[in-house]
Amino acid sequence: LQKAKHDQLAAAHGPLQDELASMKDKKAKAEKEVVLRRTELQSAMESSSRVNVVQLERIRHLTSLNEELKGKVAELTLQLTTERRATQAAAAPMLRQVSSWTEGVGPQPSVDESHLVQPAPLEASTNTVASEVVRLQAEKKTLEEKVLAMQHDVETLENQLFERSSELQHVLELHAHCNQALTAKAGEVSKAQEEIVRLQMLTASQEQRNDGNDREDAEQMVAMMQRNLDEMQDEVTQLQTKNNQLRDAKAKVETELCKRMAELKRGASWTGPTQAQMDELTQQTRHQADHIADLQTQLESMQLDLAKAKEDASSSPAQVRSVLNTHFPTQMQADAVEMVRQTTTTTKQPPSAAMDSEVGYLKQQVRELRDQKERIQDELTEKTVELQRALDMHSRMQRDSVQQLNEMEATLEADSRRTAVLQAKLECLEMEKFEWDELMRQGMERTDADAAEKKMLQDAMETLRKVNEEVVVARIEEANAQHSAEIMSLKSDMETALEENEALLREVKELAAKASFENSDMGGLKSQIQELKHEIQHLQYELSEKTAEMDALVQRQGQNDAEVALEAALQVKTKDVQAKTDELRVKEEEL
Numbered sequence: 004l005q006k007a008k009h010d011q012l013a014a015a016h017g018p019l020q021d022e023l024a025s026m027k028d029k030k031a032k033a034e035k036e037v038v039l040r041r042t043e044l045q046s047a048m049e050s051s052s053r054v055n056v057v058q059l060e061r062i063r064h065l066t067s068l069n070e071e072l073k074g075k076v077a078e079l080t081l082q083l084t085t086e087r088r089a090t091q092a093a094a095a096p097m098l099r100q101v102s103s104w105t106e107g108v109g110p111q112p113s114v115d116e117s118h119l120v121q122p123a124p125l126e127a128s129t130n131t132v133a134s135e136v137v138r139l140q141a142e143k144k145t146l147e148e149k150v151l152a153m154q155h156d157v158e159t160l161e162n163q164l165f166e167r168s169s170e171l172q173h174v175l176e177l178h179a180h181c182n183q184a185l186t187a188k189a190g191e192v193s194k195a196q197e198e199i200v201r202l203q204m205l206t207a208s209q210e211q212r213n214d215g216n217d218r219e220d221a222e223q224m225v226a227m228m229q230r231n232l233d234e235m236q237d238e239v240t241q242l243q244t245k246n247n248q249l250r251d252a253k254a255k256v257e258t259e260l261c262k263r264m265a266e267l268k269r270g271a272s273w274t275g276p277t278q279a280q281m282d283e284l285t286q287q288t289r290h291q292a293d294h295i296a297d298l299q300t301q302l303e304s305m306q307l308d309l310a311k312a313k314e315d316a317s318s319s320p321a322q323v324r325s326v327l328n329t330h331f332p333t334q335m336q337a338d339a340v341e342m343v344r345q346t347t348t349t350t351k352q353p354p355s356a357a358m359d360s361e362v363g364y365l366k367q368q369v370r371e372l373r374d375q376k377e378r379i380q381d382e383l384t385e386k387t388v389e390l391q392r393a394l395d396m397h398s399r400m401q402r403d404s405v406q407q408l409n410e411m412e413a414t415l416e417a418d419s420r421r422t423a424v425l426q427a428k429l430e431c432l433e434m435e436k437f438e439w440d441e442l443m444r445q446g447m448e449r450t451d452a453d454a455a456e457k458k459m460l461q462d463a464m465e466t467l468r469k470v471n472e473e474v475v476v477a478r479i480e481e482a483n484a485q486h487s488a489e490i491m492s493l494k495s496d497m498e499t500a501l502e503e504n505e506a507l508l509r510e511v512k513e514l515a516a517k518a519s520f521e522n523s524d525m526g527g528l529k530s531q532i533q534e535l536k537h538e539i540q541h542l543q544y545e546l547s548e549k550t551a552e553m554d555a556l557v558q559r560q561g562q563n564d565a566e567v568a569l570e571a572a573l574q575v576k577t578k579d580v581q582a583k584t585d586e587l588r589v590k591e592e593e594l
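Position one of the sequence shown corresponds to residue 4 (our numbering), numbered consecutively onward.
Bear in mind the hints are in silico, worked out from the structure with no lab data behind them.
Keep in mind it's a predicted model, so treat the numbers as computed, not measured.
For every residue, glycine included, the Cβ atom is placed at its ideal position computed from N, Cα and C.
FRET-style restraints, in silico, Cβ to Cβ: (1) PHE437 with GLY17: 16 to 26 Å; (2) ARG41 with ILE62: 29 to 39 Å; (3) SER67 with VAL470: 22 to 32 Å; (4) ARG63 with GLU448: 41 to 51 Å; (5) SER404 with ALA24: 43 to 53 Å; (6) GLU433 with MET400: 42 to 52 Å; (7) MET400 with ASP440: 49 to 59 Å.
The task is simple: from the sequences and hints, build the whole structure.
Rendered as structure tokens:
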């Protein structure tokens with residue numbers, strides 16, 4: 004029964020060990036998957052942070068370009084105002100003062116300051132009216148060319164403004180597309196999070212079921228082992244009671260042997276002697292043998308005395324009786340002996356009859372002695388047989404008791420070993436159960452921590468999404484307001500420039516009317532016009548560079564759209580959830 008129970012325990016312990024190994028393998032695989040997912044999430048976070056950095060650099064570059072364009076527009080407006088002022092100053096040249104005309108005439112008439120210019124120093128040979136007319140005509144041509152150039156500049160500025168407005172519109176469309184993509188990604192992220200939560204709930208329920216089954220199996224196994232241990236303990240107690248009973252029986256046998264030894268000393272029958280009793284019995288047999296030898300010697304001496312008595316007829320019967328009585332006491336009654344003595348003493352028989360009676364008496368005594376000897380020998384043989392039987396029975400009982408004691412000790416040792424093995428197995432199972440409970444508790448704590456972290460991440464993502472939407476809307480509104488303000492300012496600048504051009508045309512016409520009477524230095528105007536041409540070329544070169552940069556930005560935006568599509572394809576996986584949350588967190592920090 005114990006072997007069967009032990010085999011059952013071993014058979015139940017084997018699948019438990021297999022299940023423990025499988026659970027350890029599952030745990031190792033889960034830890035590897037967690038590490039892989041963490042590495043993937045970290046790589047996705049790094050890639051998203053790099054993408055965010057690139058996008059921020061692009062935004063900063065666009066803002067710097069916008070600021071540079073604003074500065075250039077301001078510089079152009081300043082240049083236009085300076086040129087307008089210069090043209091206004093150059094449109095009214097000062098009249099030359101001729102000493103021959105003004106001498107003794109009195110105060111000179113007041114002249115409008117807008118028609119005064121600083122005349123160029125002329126040599127004496129060229130100081131004539133014809134040269135002044137030629138100079139004024141040349142200035143008129145240059146002014147007309149300058150007006151045409153300024154009109155061309157105004158047209159180019161209008162074209163640049165239109166291109167800028169179209170670029171801004173394109174940027175706004177891209178921004179709206181990015182917002183739509185972000186909302187779509189946020190929806191996908193929420194769906195992925197819901198799927199992850201569902202899968203986690205399913206896995207948690209499955210783990211709970213598996214743990215419940217494992218717990219039930221382990222509890223059943225522990226209960227079965229506890230029952231087996233209780234049964235073993237009951238059997239051990241039964242064996243201990245049997246051992247105590249055997250010890251009590253042994254004590255009783257020893258007491259009975261002691262009692263029988265005492266009875267043997269008293270002459271009673273005895274069945275279970277000890278070694279001391281056997282020694283006493285041997286001594287008694289020797290003493291009886293010595294007594295028998297003494298009796299034989301006495302019988303021989305008595306026979307010799309009888310022979311002497313037969314030879315000695317003069318000897319009296321009383322002397323013979325006294326000799327016999329001294330050597331062999333009679334077994335007859337005392338009355339019968341006295342009566343015989345009286346008869347022998349009173350009646351005087353003849354000597355032959357007295358001798359015959361004495362001989363008969365002596366023969367009777369001899370027969371009695373022989374009978375007594377035979378009876379004693381029979382008793383001795385019976386006692387020796389009984390003693391030998393008792394010795395054999397005692398040796399058999401002793402051997403049986405020793406064998407039973409050895410068997411009981413062996414069974415007790417085997418039971419103690421089995422109980423020790425079962426106790427060790429029970430302790431191992433309890434340790435394994437404690438380890439399983441600890442692992443389950445750690446797993447529950449990890450799942451709770453992961454759930455809390457995921458909940459925090461979901462809340463953070465929701466808040467970041469709301470903040471990002473608000474920031475994006477505010478940015479769009481701010482950009483629209485800025486661009487509308489810039490467009491309005493540019494339109495007002497264009498209107499003022501047109502008004503200034505009309506005023507300049509009117510002034511040119513006035514200057515053409517006064518060209519015959521005026522003279523001015525056109526070298527400065529030519530240099531200014533040349534500088535303006537160079538600046539216009541420089542501005543055109545910068546505009547071409549800016550257009551190339553805008554094309555490159557558009558191409559990069561297309562590449563970004565492709566990257567966004569790839570990210571949208573990768574967002575199906577759960578690892579991009581953390582990446583997107585980190586991306587939103589980085590964007591929030593940068594915002």
